[in-house]
Amino acid sequence: AQRVTQPEKLLSVFKGAPVELKCNYSYSGSPELFWYVQYSRQRLQLLLRHISRESIKGFTADLNKGETSFHLKKPFAQEEDSAMYYCALRGGGGFKTIFGAGTRLFVKA
Amino acid sequence: EPEVTQTPSHQVTQMGQEVILRCVPISNHLYFYWYRQILGQKVEFLVSFYNNEISEKSEIFDDQFSVERPDGSNFTLKIRSTKLEDSAMYFCASRRTSADTQYFGPGTRLTVL
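Keeping their order, the protein sequence lines are chains C and S.
Each position in the first sequence, counted from 1, maps to that position plus 3 in the numbering used here.
Each position in the second sequence, counted from 1, maps to that position plus 14 in the numbering used here.
In isolation and in its complexed conformation, chain C is listed as follows (with noise of 0.2 Å):
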């Protein structure tokens, strides 16, 4: 089965500080890996994908196949990334977006 999974639903750091976000996925194949972001009244927006390897807004997130996981890691936190943060995949050939839960990140100076 397809599933996404972020375990924190709440993240609260201190301006400057290190942010790791969690999620781990199950598929049975080779999935594309995103995260999503919404900031404040904002619509949902890519942030990533793991086949860019790019970094955006000073956040990368490496694929990592043996653990099923892609983390979203930013190494100082500003108050502005502050958002609601969405893991998703969607398979290989596939439609669909499956989204995990979704972190909210809040960021306080």
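Please note: incorrect hints may appear among the correct ones.
[Said to hold, decoys possible] Capping the alpha-carbon separation at 30 Å, the derived lysine-lysine pairs in DSSO-like fashion look like this:
1. 68(C) to 99(C)
2. 25(C) to 12(C)
3. 25(C) to 56(S)
4. 12(C) to 97(S)
5. 99(C) to 18(C)
6. 60(C) to 56(S)
7. 25(C) to 111(C)
8. 111(C) to 56(S)
9. 25(C) to 76(C)
10. 99(C) to 92(S)
11. 76(C) to 56(S)
12. 12(C) to 60(C)
13. 99(C) to 76(C)
14. 71(S) to 99(C)
15. 60(C) to 99(C)
16. 25(C) to 68(C)
17. 56(S) to 18(C)
18. 18(C) to 76(C)
19. 56(S) to 71(S)
20. 99(C) to 12(C)
21. 68(C) to 56(S)
22. 97(S) to 68(C)
23. 25(C) to 60(C)
24. 99(C) to 56(S)
25. 97(S) to 25(C)
26. 68(C) to 71(S)
27. 12(C) to 111(C)
28. 56(S) to 97(S)
29. 56(S) to 92(S)
30. 68(C) to 92(S)
31. 97(S) to 99(C)
32. 68(C) to 12(C)
The set of hints was computed from the structure by calculation and includes no laboratory data.
Since chain C is already given, all that's left is putting chain S on it; use the hints.
For chain S alone, kept in the frame of chain C given last:
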């Protein structure tokens, strides 16, 4: 920058009524999607649409739901006889190719009384 738009932003309806949620995908996009998010729950895939037909649908997308692309710009989701549990935020999304980024609309909040 082009965006996916959705109307209305908020729809209130009585149980048993039909509702149509409207989306205008980005103009050169070919793949279209509907998702929903019940308050406090995860974003759930409903249906994908490509080449004028449904390409994939979830178990949520039963006979009460239908989608249509009535002209070259709109993409609609119809719920024939709404239930209380249909109350949710409904998001439309589109992408140009199957490999491209998916762009989301701002959502329509549906409240069924």
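Hints and how they fare:
| no. | hint | in the structure |
| --- | --- | --- |
| 1 | 68(C) to 99(C) | 21 Å, holds |
| 2 | 25(C) to 12(C) | 10 Å, holds |
| 3 | 25(C) to 56(S) | 16 Å, holds |
| 4 | 12(C) to 97(S) | 28 Å, holds |
| 5 | 99(C) to 18(C) | 35 Å, violated |
| 6 | 60(C) to 56(S) | 24 Å, holds |
| 7 | 25(C) to 111(C) | 19 Å, holds |
| 8 | 111(C) to 56(S) | 25 Å, holds |
| 9 | 25(C) to 76(C) | 9 Å, holds |
| 10 | 99(C) to 92(S) | 19 Å, holds |
| 11 | 76(C) to 56(S) | 21 Å, holds |
| 12 | 12(C) to 60(C) | 22 Å, holds |
| 13 | 99(C) to 76(C) | 25 Å, holds |
| 14 | 71(S) to 99(C) | 8 Å, holds |
| 15 | 60(C) to 99(C) | 26 Å, holds |
| 16 | 25(C) to 68(C) | 14 Å, holds |
| 17 | 56(S) to 18(C) | 27 Å, holds |
| 18 | 18(C) to 76(C) | 14 Å, holds |
| 19 | 56(S) to 71(S) | 17 Å, holds |
| 20 | 99(C) to 12(C) | 23 Å, holds |
| 21 | 68(C) to 56(S) | 24 Å, holds |
| 22 | 97(S) to 68(C) | 41 Å, violated |
| 23 | 25(C) to 60(C) | 18 Å, holds |
| 24 | 99(C) to 56(S) | 14 Å, holds |
| 25 | 97(S) to 25(C) | 35 Å, violated |
| 26 | 68(C) to 71(S) | 27 Å, holds |
| 27 | 12(C) to 111(C) | 17 Å, holds |
| 28 | 56(S) to 97(S) | 19 Å, holds |
| 29 | 56(S) to 92(S) | 21 Å, holds |
| 30 | 68(C) to 92(S) | 39 Å, violated |
| 31 | 97(S) to 99(C) | 24 Å, holds |
| 32 | 68(C) to 12(C) | 23 Å, holds |
When the structure is compared with the earlier hints, violations turn up for hints 5, 22, 25, 30 and for no others.
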